[in-house]
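> Protein sequence lines, in the order shown, are assigned to chains G and X.
Under our numbering, the residues of the first sequence are numbered 10 to 332, in order.
Under our numbering, the residues of the second sequence are numbered 10 to 332, in order.
Please note: incorrect hints may appear among the correct ones.
Each pair may be met inside one copy or between any two copies, as identical chains are not told apart.
Lysine-lysine pairs mimicking DSS-like chemistry, simulated, CA-CA at most 30 Å apart [claimed, not checked]:
1) Lys315 x Lys286
2) Lys55 x Lys326
3) Lys47 x Lys326
4) Lys315 x Lys99
5) Lys267 x Lys326
6) Lys47 x Lys99
FYI, nobody ran anything at the bench for these hints, they're computed from the structure.
Predicted model only: the values in this text are computed from it and were never measured.
Listed below are the residues making up each chain.
There are 2 protein chains.
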Amino acid sequence: MKEISKLLGYREDVRVVDATLRDGGLVNDFYFSDDFVKALYQANIKAGVDYMEVGYKASKEMFDPTKFGKWKFSNDDDILEVFGPDPMIKLAVMADVGRCDFKNDIINKADSALSLIRVATYINTIPAAIEMIEDAHNKGYETSCNIMAITTAQEGDVKVALDMIGQSPVDVIYVVDSFGSLYPESLARLADLYLECGAKYNKKIGIHAHNNQQLAFANTIEAVGDGVDWLDATYFGMGRGAGNCSMENLLGFLRNPKYNLFPVLNFIESYMTQLKKDGVVWGYDLQYLMTGILNQHPRTAIQFTKEKRSDYTEFYKELIGLD
Amino acid sequence: MKEISKLLGYREDVRVVDATLRDGGLVNDFYFSDDFVKALYQANIKAGVDYMEVGYKASKEMFDPTKFGKWKFSNDDDILEVFGPDPMIKLAVMADVGRCDFKNDIINKADSALSLIRVATYINTIPAAIEMIEDAHNKGYETSCNIMAITTAQEGDVKVALDMIGQSPVDVIYVVDSFGSLYPESLARLADLYLECGAKYNKKIGIHAHNNQQLAFANTIEAVGDGVDWLDATYFGMGRGAGNCSMENLLGFLRNPKYNLFPVLNFIESYMTQLKKDGVVWGYDLQYLMTGILNQHPRTAIQFTKEKRSDYTEFYKELIGLD
Chain G
10 MKEISKLLGY REDVRVVDAT LRDGGLVNDF YFSDDFVKAL YQANIKAGVD
60 YMEVGYKASK EMFDPTKFGK WKFSNDDDIL EVFGPDPMIK LAVMADVGRC
110 DFKNDIINKA DSALSLIRVA TYINTIPAAI EMIEDAHNKG YETSCNIMAI
160 TTAQEGDVKV ALDMIGQSPV DVIYVVDSFG SLYPESLARL ADLYLECGAK
210 YNKKIGIHAH NNQQLAFANT IEAVGDGVDW LDATYFGMGR GAGNCSMENL
260 LGFLRNPKYN LFPVLNFIES YMTQLKKDGV VWGYDLQYLM TGILNQHPRT
310 AIQFTKEKRS DYTEFYKELI GLD
Chain X
10 MKEISKLLGY REDVRVVDAT LRDGGLVNDF YFSDDFVKAL YQANIKAGVD
60 YMEVGYKASK EMFDPTKFGK WKFSNDDDIL EVFGPDPMIK LAVMADVGRC
110 DFKNDIINKA DSALSLIRVA TYINTIPAAI EMIEDAHNKG YETSCNIMAI
160 TTAQEGDVKV ALDMIGQSPV DVIYVVDSFG SLYPESLARL ADLYLECGAK
210 YNKKIGIHAH NNQQLAFANT IEAVGDGVDW LDATYFGMGR GAGNCSMENL
260 LGFLRNPKYN LFPVLNFIES YMTQLKKDGV VWGYDLQYLM TGILNQHPRT
310 AIQFTKEKRS DYTEFYKELI GLD
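In isolation and in its complexed conformation, chain G is listed as follows:
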């Protein structure tokens, strides 16, 4: 059992990362208004959030800029226009291995309002991730490595991957439960591997959870108790499929007085509920529970949602291959 102090006190090293625009952007193809983004930025400042992820650095060769909002690409000009040259909060973008023209699209930190490049990779593309991490590091950024879909990887491979990443200049390594299939107990076991690597190579460890089994917040606070410092959350849990750890849950839990819940509630009332009314759909539902339980990619559940299906039992039979 953990020490009492971990519930009532706090660790100075904890960092809260708002991933609303990035993971939430996967739900609405990144069509956020400037007004929305600016208000979110102000809310994050007042709430004491440490990092704000503004979107992806996606390749314009691979993705048509006319088919997505601007935060799919997060051009530095667009960032400057909204946040100015010297933001009051550290800004981050995500860059996917194989889906980012990082050599051109990630400019020198000296010329950018960004602070942190988050490199997202699968476990079979670690060398490519390290190349991107080194590139961003050399350009002057903080970096993180987010190994996605970790619940489909073998423990032996995870250890090797962590050892490779540990030797890179990366600052933070993330446990990413893309499928929302971890339980707090299995998360704790996985976090242990990451924390061992972090202790050996002097890296911080982060957690990015999905809410398929209504465990995104539970897994995040389990991780805090285990020694994980970097915590991703999104307002109202907005994110792909079942969504993420809710910012309002997280800031209601953290005890560091620099964090404030009220600005989060205010932003949700003013902006997030409107998104829901506009028909943007995310959050826990049975189809996501099923893919989470089965440790499957949520794409089938997302399609089920898009088609406005409600034949849950048929979907379950499709998933487990009864047909």
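With chain G fixed as given, assemble chain X onto it according to the hints.
Chain X only, in chain G's frame:
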């Protein structure tokens, strides 16, 4: 950290209690059709659920039978009509201290289709609860004692209460997080007190969780890992306010092959989604999160919901008394 076997194996002693009609009845004033109740009964049988709570034994002096569905009162005649004299699953009712005419309304087990009387009490009415437990025990029933709103009690008082209940003939003692304000770590500490009492007096321990902080399922599986055997859940999480631990989450987690998820999905698709369409409202929302974080009774949040308010920030200010 817990043993790996606790995730992949199972304990024979675990019992799943379906509380849909009882806690869910608080949302729709117990107006469930016989068709609904019979289909739920069949779903529970197929799903391997161990106990089905059919409702309350509420006093007809205190509550007007014309203003509630019949499961508020759970007359033995009504139970017989729906379930027959020899149900294929053990049936339970809840009897509240001070709100139940137990001497008259709870008949001898030999004449009833019920198996289990669940006595609900606050910590300041333990002697009255014990009187009811003894009455039900002497009439031939299994009994549980559900100490509500436990997060507002002092640890010293909890210990005394548990010692008093431990000396009664009760079979199961429940941790009841009425306000949904426990975190898995605080639940684990509380469960430890109950489990100590259970070991001393040979009682089983149960958990009844609420979802105010999206932790009902997380707290329930934390409890399983800690040695708590009796687990309350409801279909689609239906229950007062933010609702309960979802049956579909729980049966997707438990590894005993006697439990089956599919009948649960089937019932939700056929019946629970219709309740939602009919305008019956329950489940996680910001107003419940706030009362959960603040360890307050959800009645203000329920009122907020009934009034269809969406001014979350005003509500928060009301709760913390800024006005």
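> Indicate, hint by hint, whether the structure satisfies it.
Now for the hints, and whether the structure bears them out:
1. Lys315 x Lys286: For Lys315 and Lys286, both the intra-copy (16 Å) and inter-copy (19 Å) Cα distances are at most 30 Å.
2. Lys55 x Lys326: between (47 Å within a copy, 17 Å between copies)
3. Lys47 x Lys326: Answer is between; shortest inter-copy Cα gap is 24 Å, intra-copy 44 Å.
4. Lys315 x Lys99: neither (34 Å within a copy, 41 Å between copies)
5. Lys267 x Lys326: between (48 Å within a copy, 19 Å between copies)
6. Lys47 x Lys99: within (14 Å within a copy, 57 Å between copies)
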